[in-house]
Amino acid sequence: SVEFVVRRDPKLQEPREGGHRPLLDESLGQYTVSNIKKAYGIPADLQATNKSTLQMVWGPGTFGYSRIQLGLFKASQCPLLDMGKVQFDTPNHGSAGGDNYGEGNLDTQMIASFGLNAETIVSNTNTSASTEEGLGFGQAMLDFLTELSGR
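Converting from the sequence shown to the working numbering requires adding 24 to each position, the first position being numbered 1.
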């Protein structure tokens with residue numbers, strides 16, 4: 025049985041010049057990969073050429089990234105991004121909804137676009153809830169750093 029139904033009608037908008045909406049939301053303003061690269065003098069198409077180059081993003085708790093969100097980011101801001109070069113190195117892939125998960129998505133997108141097509145390692149070594157905006161973050165980071173040399 026159905027207890028309630030929610031009706032959602034699309035918002036009516038005036039057609040834009042050219043008849044289509046841009047891929048990027050205008051609310052991004054100046055904060056796009058191309059604008060940031062331009063501000064730092066980084067060529068938009070600069071890519072890693074040494075296959076042994078590695079870069080890493082790390083976080084605990086719900087930290088991780090969404091392949092769907094990374095794909096949307098690629099389509100809208102970073103078309104040269106090779107998603108096959110972005111990999112987890114632990115079985116902890118984060119979970120949507122947590123503060124660290126949102127941060128993980130942003131960190132992964134940014135490092136993968138600025139270190140374009142270098143192997144990008146996404147690492148979550150501690151899934152304790154105490155690392156989400158709590159005192160456990162510092163201890164999780166210290167544990168990670170002291171174990172890193174043994175990897």
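Think of the hints as simulated: they come from the structure by calculation, not from any bench. Hints may contain errors.
The list that follows gives simulated cross-link-like pairs (lysine-lysine, DSS-like), each with its CA atoms no further than 27 Å apart [stated by the list, open to error]: (1) Lys-62 <-> Lys-109; (2) Lys-61 <-> Lys-98; (3) Lys-109 <-> Lys-61; (4) Lys-61 <-> Lys-75; (5) Lys-75 <-> Lys-109; (6) Lys-98 <-> Lys-62; (7) Lys-75 <-> Lys-62.
Status of each hint after checking the structure:
no., hint, in the structure
1, Lys-62 <-> Lys-109, "holds, 24 Å"
2, Lys-61 <-> Lys-98, "holds, 15 Å"
3, Lys-109 <-> Lys-61, "holds, 20 Å"
4, Lys-61 <-> Lys-75, "holds, 22 Å"
5, Lys-75 <-> Lys-109, "holds, 10 Å"
6, Lys-98 <-> Lys-62, "holds, 18 Å"
7, Lys-75 <-> Lys-62, "holds, 25 Å"
The structure agrees with every numbered hint stated previously.
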